[in-house]
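S.K.: Could you put together the complete structure from these sequences and hints?
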Amino acid sequence: MADIKVNSLIPPTWNRLKVNDITLQMPDRMDRCDISFENKDGIKACAEESITTETRKVFEDLQTGAGAEFDGYVKSIGCRSSYIEVSGGKAEGKVSFDGSEAESCMIGIEAKSNTESLIYIDISGADLQSDTLKVLQIKSIVRKGSKLKIVELSHPGDNAIYINDLGVLCEEDARFELVRISLGGSSNTESMYCELAGNRSHASADIGYVMSGERNLDQNYLIRHIGKETTCSIASHGALRDRAQKTFRGSIDFITGCSGSQGEENEDILLMDDTVGNKTVPLILCGEEDVAGAHGASIGRPDEEQLYYITARGTDIAGAYRMLAKAKIDSACMAIENEEIMEKVSAFVENYDLFGTEA
Amino acid sequence: MSAENKTYVDDINRSVYDIKDEEKDAYRIDGGLTEDIVLKISEEKHDPEWMRDFRLKSLKIYNESRMPQWGPSIDGLNMDEIATYVRPNTKMQASWEDVPEDIKNTFERLGIPKAERESLAGVGAQYDSELVYHNVKKEVEDQGVIYTDMESALTGEYEEMVREHFMKLVPPTDHKFAALHGAVWSGGSFVYVPPGVKVSIPLQSYFRLNAKGAGQFEHTLIIVDEGADLHFIEGCSAPKYNVANLHAGCVELFVADGARLRYSTIENWSKNMYNLNTKRALIGKNSRMEWVSGSFGSHVSYLYPMTILNGEGSQCEFTGITFAGEGQNLDTGMKIVHNAPNTSSLVNTRSISKSGGCSTTRTAITVMPEAKGSKSSVSCESLMLDSISRSDTIPAMDIRTSQADIGHEASIGRISDEAVYYLMSRGLSEEDARATIVSGFADQVSKELPLEYAVEMNNLIRLEMKGSIG
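Protein chains in written order, with this note's numbering: chain X, 1 to 359; chain F, 1001 to 1470.
It is possible that some hints are incorrect.
Claimed, not checked - Residues from chain F that face chain X, not an exhaustive set, calculated with beta carbons under 8 Å:
id	residue
1	I1061
2	S1065
3	Q1069
4	S1073
5	I1074
6	G1076
7	G1356
8	R1362
9	I1394
10	P1395
11	R1400
12	H1408
13	E1409
14	S1411
Stated by the list, open to error - Straight-line Cα separation of at most 35 Å, DSBU-like style, residue types lysine-lysine; simulated pairs:
id	chain 1	residue 1	chain 2	residue 2
15	F	K1375	X	K279
16	X	K326	F	K1057
17	F	K1168	X	K18
18	X	K279	F	K1372
19	F	K1114	X	K18
20	F	K1057	X	K228
21	X	K18	F	K1198
22	F	K1375	X	K5
23	F	K1091	X	K18
24	F	K1240	X	K279
25	F	K1447	X	K5
26	X	K18	F	K1020
27	F	K1285	X	K279
28	X	K144	X	K18
29	F	K1212	X	K279
30	X	K5	F	K1335
Read the hints as simulated data drawn from the structure, not as lab findings.
Where is the CB? At the ideal position from N, CA and C, for every residue including glycine.
M.R.: And the structure:
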């Protein structure tokens, strides 16, 4: 086993706040789990040998949100990636963690120039008696002029120690959009790093989650503006119940030279019980004069008038809480924009036991 | 706007602050930090035994503590080269006429005696490691207000009160430079305001560090008893040298139930200064703490006034501005801990960066499980005046109850071309338009300061902005 530091806050802040990073115990090996696709118009699985040297180097060097130490770790234990080329269209993928003690699914996605693609990934795992480790790492290159949207629905199982890591490089005029819905898991670590290298590139992350019971969620989202006139947005909507704990790090980094760029981030959290713990660290780092950056965070309890309104119409208090929690997921789902996928996600969440056995 | 139309601005004209007095006849301890040096300082200060032991324990903690792993680099600070105690050749006086001429003239140029005559209830003036002047108006004394230097308080009738409070709010274990302060502190003021007493005009302490390569480690201890009201103003400056100076002061504020304390600071240290200052307030039920903070000087600053809202219904308001220019890396902000029900905090910070300056706004709001019904609102705005500067905002919120409402917002940007154009279309020059916008940006802070200090702050900003057009 190795202690690996992940989700580092760059730059760090006061140590006693305990938000600078977390340390995960990682095994010496992990079983491989593959992604399977249905309805895969416009996407093609690529053999590793067919990846060009240039592209392979970009994938290898691409940072992810979990950080260099984690990326080095997955390389050192020989986790091999599947490679996918997307050239427009929609695909629905499934990652089914089968219950092994430690499994990883590594995917490299290259969105070809001037194409528009949507990839929906359902990440599931069995509910087991004991903790198992599940790792999903996606690295994506979004080529010039292309648009790639990745929608992730994660429900890795109640006892999953789940790591969901993402790294993205956007070329000129490229557009990357992430919609990430996180449910279940016992210990969840999710992250994203996006480099807006090309002029006029864009990245967004719309995040929705409900954590209950003893669950914890550690998040690290970093978008780095390098090209000119780049834009980004990070929007996180969530609900915490019981003794759930959550740490959100959201960083927008304007590098000198990215003139004309804009970034914004927002966090909107519902704290449903007194026993929850919430930490929020939204950073704006700026080395360029001609930019505009903003962030906002709103953290609080369910509105009493809203609760009264809902219960006055026949829903019990448990149902009202469920409705408010689902509303957070729905807020993130609005960014999916594809009606078919939105309905799939919404239907799943509707039937999902959001609060587990403690509802 | 194209580069050739851009307005370039001069650095701040600090000549009034850059007056250097000769260190003639001053007693100066060797540079470095050893047990012998700490014992020498203790002897000079005529410490009681408990304070001497306290200093030695603090030194041990200092030696065992590590440097901060976050924040601006302080690699340029070498404690072996810092003289931790420099005593001017004068005792503390109660009349400006008795203060040595050169020192008196320095304070005259800084406007301290004038401010005392016109608008203050009392003044303490510290020069290097000791107070050279201390006076309080009779009518304030008659109210039972105690305003004296720390040494007199420590060795006189207030020793027990000092001992009960000294470095209890900021213990030496808090961080390495709190431990340093505990070992070598000297000078500073002790203030006690009795229950129900409202001090209608401010008290002020002014700290002047004249000696080259020296440190200033004043300790300010203020106790505002139940229902009392005080405004305390702190000012500081130093001439610029080509070696490092260090300021590691400590301010401890105890605000009892129903009391109110406003603590205003205009910090204007020179650009060779490492300003590693710690300020903390503990406030009781239905009490109120107001911080007004203007940071304009120092080479490197670590400055985060902290408030612990320890009584139900207590409130804290923090208003601050930081201006980082060439050669400056100013890491400032605040910390607030909500530790009782129905407490509230309101934070408004502004920062400006220019000419390669780095400004970091670093904040922390913690809401403990006991703080049900608490509210907090934080607003951080940053203005970048060029692309060779930096501005980082690093806020953190740690919320441990659902029954709290917390809001935070921050923004960063540049002077809007449209706003400049609008003002120019109404007859202002480009220079005046930009100066007006920046003054407006700082207005929320300046209006919280007493008039003289608001004027000083606005002058500092306008001097900065009214430069040659390049």
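S.K.: Next, verify each hint and record whether it holds.
M.R.: Hints, verified against the model:
With 8 Å as the threshold, the beta carbon of I1061 of chain F stays out of range of chain X, its nearest partner Cβ sitting at about 16 Å, so the hint is violated. With 8 Å as the threshold, the beta carbon of S1065 of chain F stays out of range of chain X, its nearest partner Cβ sitting at about 12 Å, so the hint is violated. For Q1069 of chain F, the suggested interface contact is upheld, since its CB lies about 7 Å from the closest CB of chain X, less than 8 Å. With its C-beta approaching chain X no nearer than about 12 Å, S1073 of chain F sits outside the 8 Å limit, and its interface hint is violated.
A hinted interface residue such as I1074 of chain F counts as satisfied when its beta carbon comes closer than 8 Å to some beta carbon of chain X; here the least separation is about 15 Å, so the hint is violated. Given the 8 Å rule on beta carbons, the hint for G1076 of chain F is violated: about 19 Å separates it from the nearest Cβ of chain X. Interface hint status for G1356 of chain F: violated, as the beta-carbon distance to the closest one in chain X is roughly 11 Å, over 8 Å. Restraint check, R1362 of chain F versus chain X: the minimum CB separation of about 6 Å is within 8 Å; hint holds.
Of the supplied interface hints, the one on I1394 of chain F holds, with its beta-carbon coming within about 5 Å of a beta-carbon of chain X, less than 8 Å. Because the closest C-beta pair between P1395 of chain F and chain X is about 6 Å apart, less than 8 Å, the hint holds. The criterion of a C-beta within 8 Å of any C-beta in chain X is met by R1400 of chain F, whose closest approach is roughly 6 Å, and the hint holds. Annotation: interface hint on H1408 of chain F holds; nearest CB of chain X at approximately 4 Å, less than 8 Å.
Taking 8 Å as the C-beta cut-off, the interface hint given for E1409 of chain F holds, the closest approach to chain X being about 4 Å. For S1411 of chain F, the interface hint holds, the least distance from its beta-carbon to any beta-carbon of chain X being 4 Å, beneath 8 Å. Of the supplied pair hints, the one linking K1375 of chain F and K279 of chain X holds, its CA atoms being roughly 16 Å apart against a limit of 35 Å. Proximity of K326 of chain X to K1057 of chain F is assessed by CA-CA distance (about 56 Å); at most 35 Å being required, the pair is judged violated.
The hinted pair formed by K1168 of chain F and K18 of chain X meets the criterion: a straight-line CA distance of about 24 Å does not exceed 35 Å. Using a Cα cut-off of 35 Å, the hinted pair K279 of chain X and K1372 of chain F holds, with the two alpha carbons roughly 17 Å apart. A threshold of 35 Å between alpha carbons decides the hint, and for K1114 of chain F with K18 of chain X the separation of about 48 Å lies outside it, so the pair is violated. Note on K1057 of chain F and K228 of chain X: the hinted pairing is violated, with a Cα-Cα distance of about 55 Å set against a maximum of 35 Å.
With a C-alpha separation of about 41 Å, the suggested pair K18 of chain X and K1198 of chain F falls outside the 35 Å cut-off, and the hint is violated. About 34 Å separates the Cα atoms of K1375 of chain F and K5 of chain X, which keeps this hinted pair within 35 Å; it holds. Distance restraint check for K1091 of chain F and K18 of chain X: the Cα-Cα separation of roughly 47 Å exceeds the 35 Å cut-off, and the hinted pair is therefore not satisfied. Proximity of K1240 of chain F to K279 of chain X is assessed by CA-CA distance (about 41 Å); at most 35 Å being required, the pair is judged violated.
Of the pairs offered as hints, the one joining K1447 of chain F and K5 of chain X is violated, with about 46 Å between alpha carbons and a cut-off of 35 Å exceeded. About 44 Å separates the Cα atoms of K18 of chain X and K1020 of chain F, which puts this hinted pair outside 35 Å; it is violated. A hinted pair counts as satisfied when its Cα atoms are at most 35 Å apart, and K1285 of chain F with K279 of chain X qualifies at roughly 27 Å. Using a Cα cut-off of 35 Å, the hinted pair K144 of chain X and K18 of chain X is violated, with the two alpha carbons roughly 39 Å apart.
At most 35 Å may separate the alpha-carbon atoms for a hinted pair to count; K1212 of chain F and K279 of chain X exceed this at roughly 44 Å. Simply put, K5 of chain X and K1335 of chain F have alpha-carbon atoms about 27 Å apart, close enough for the 35 Å limit, and the pair holds.
Checked against the numbered hints above, the structure breaks hints 1, 2, 4, 5, 6, 7, 16, 19, 20, 21, 23, 24, 25, 26, 28 and 29 and satisfies the rest.
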